[in-house]
Amino acid sequence: MTDAALTSNALEVRDLSRTFGARKALDGVDFDLPTGAFLSIFGPNGAGKSTLLKVLSTLTPPSKGSAKVLGLDVVEGAVELRERIGFISHNPLLYPDLSAEENLEFFAEIYCIDRPKERIRELLDAVELDHRRLDLVRTFSRGMLQRLSIARALLHDPALIYLDEPYSGLDPHAMDILDGLIERVREGRTFVMVSHDLSKGLELCSHALILSKGRIVLFQDKDLIDEDEFHQTYRSTVGLGVS
Amino acid sequence: MSSWRQFKAILKKDIVMELRTKEMLTSMGLYALLVLVVYYITLSQAGADFEVRRIAAGLLWLVFIFTSLLGLNRSLVHEKDQGCLEALLISPTDRPVIFFGKAVGNLIFLLIVEALIVPLFFFIFLARPGAQAGGPVWMLALALILGSIGIAGVGTLLATMSVNTKGKDFILAVLFIPIMFPLLLAVVAGSAAVLQADPEYVRTFWQMMGLAAGYDVIMLLAAFGLYEFVLGA
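So the sequence lines, in the order shown, correspond to chains A and B.
Going by my numbering, the first sequence wraps up at 369, each residue one higher than the last.
Going by my numbering, the second sequence wraps up at 238, each residue one higher than the last.
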């Protein structure tokens with residue numbers, strides 16, 4: 127039984143702050159997210175969304191406060207936590223001069239996956255890229271890159287997946303494929319997504335969070351959200367802009 | 006998690022990518038060749054009596070220092086360009102494993118360039134009829150290997166530090182050469198002792214190799230300890 131299974135919350139964020147010099151990117155962020163939830167984070171540019179994702183994914187340590195992900199502290203339990211999280215970004219995080227299969231083989235070795243060949247074949251099949259497995263990633267379209275990026279993030283079967291504007295730059299067809307893939311792997315996993323696309327973010331989420339100037343403006347269960355009110359809050363937040 | 010498996014994966018990936026693109030080897034090799042051409046033009050003006058052997062070690066290491074700067078920059082830019090470094094950092098790979106994977110890759114590429122350039126350098130500048138014979142080749146090879154280990158180790162650390170900065174080429178050079186000074190002094194003196202083979206050259210050579218090996222050990226340990234901090238900065 128894992129810590130995540132024992133705790134009902136996938137995320138426990140307490141008074142989290144992150145400063146870069148004099149600038150406060152995150153200022154006293156505090157919330158809990160239940161295991162299995164889908165959190166969409168919204169906010170204007172410079173609101174602290176990406177910094178929050180970086181702290182929660184162990185890339186950046188917090189300056190103050192604490193964050194537990196799947197029951198593990200992001201600083202003290204970082205190494206163990208990295209085995210259990212996946213990251214999908216608008217940047218594919220793939221090597222363009224390696225083939226799709228070579229990229230996945232590399233990450234399978236990095237995650238020390240047992241029987242990597244079978245897992246890679248299974249994932250390439252799932253993201254409908256089996257026919258292009260030997261092609262260099264630099265020849266892939268944006269949509270194909272994003273599908274391969276999902277395969278990379280799922281290689282080690284993570285319990286929590288971070289999505290940093292995953293729909294950015296995708297055409298409608300590629301967006302539909304990505305929707306389908308997320309839907310297929312959603313069961314039993316927690317998702318945290320940063321997005322500028324309000325309708326897409328609200329469509330997918332179970333919880334929504336609006337950040338502005340590093341602070342939480344709104345954090346709500348989707349069932350309790352009044353969409354008009356939500357849009358109004360978001361518009362007024364964007365109006366606040368970046369300091 | 007097996008660090009050895011992760012190390013092998015990083016090294017294999019760098020070698021496969023380099024064999025496919027030949028980006029680092031081509032740029033480093035061509036640059037080194039061009040420097041040899043410049044040396045040839047310069048030394049052709051020095052007169053027939055000029056003993057190139059007296060300055061050969063310095064000339065050789067000058068090529069390798071500037072050539073390695075080109076390669077070191079490229080090795081981290083690959084990781085940075087597509088955000089792949091982020092993917093590695095978010096994986097359960099210990100930071101020192103990433104460091105050793107990248108450093109050993111850089112060492113292999115530098116040694117390949119040296120293996121091509123050293124014979125050419127001898128052929129152009131030192132293989133003259135009646136020229137003085139130097140010490141054994143293995144001694145020169147040892148100096149090259151010890152020097153290259155230091156260059157690859159310190160260079161990988163500094164390239165990681167500078168990859169996020171605006172003037173990364175300039176910053177790498179400005180940091181690299183002063184920090185490499187003790188190693189350069191040791192390997193140039195050691196290589197010069199072998200090439201000139203003056204009396205007592207063996208003792209001078211081993212003293213210098215001891216200094217170079219000590220530098221390598223200290224700097225590799227420092228890089229090992231600092232890499233996590235450098236990546237997090």
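No lab work stands behind these hints: they were computed from the structure.
There's no promise every hint is true.
Ranges of calculated distance between the beta carbons of each label pair, as one might list FRET restraints [to be verified]:
#1 N171/A - L38/B: 18 to 24 Å
#2 R361/A - D174/B: 41 to 47 Å
#3 L121/B - P187/A: 42 to 48 Å
#4 D305/A - K17/B: 43 to 49 Å
#5 E329/A - K17/B: 39 to 45 Å
#6 L35/B - R140/A: 36 to 42 Å
Once the Cα atoms are required to be at most 27 Å apart in a straight line, the calculated DSSO-like pairs of lysine-lysine come out as [to be verified]:
#7 K150/A - K17/B
#8 K27/B - K85/B
#9 K17/B - K173/B
#10 K171/B - K27/B
#11 K17/B - K243/A
#12 K243/A - K13/B
#13 K13/B - K150/A
For every residue, glycine included, the Cβ atom is placed at its ideal position computed from N, Cα and C.
Checked hints:
1. N171/A - L38/B: 18 to 24 Å: Because 48 Å falls outside the window, the suggested range is violated.
2. R361/A - D174/B: 41 to 47 Å: holds (45 Å)
3. L121/B - P187/A: 42 to 48 Å: holds (44 Å)
4. D305/A - K17/B: 43 to 49 Å: With a Cβ separation near 35 Å, D305/A and K17/B fall outside 43 to 49 Å, so the hint is violated.
5. E329/A - K17/B: 39 to 45 Å: holds (42 Å)
6. L35/B - R140/A: 36 to 42 Å: violated (56 Å)
7. K150/A - K17/B: Between K150/A and K17/B the Cα gap is close to 41 Å, so the pair fails against 27 Å, i.e. violated.
8. K27/B - K85/B: holds (18 Å)
9. K17/B - K173/B: Satisfied, since the Cα-Cα distance of roughly 26 Å is no more than 27 Å.
10. K171/B - K27/B: holds (25 Å)
11. K17/B - K243/A: holds (17 Å)
12. K243/A - K13/B: holds (17 Å)
13. K13/B - K150/A: violated (40 Å)
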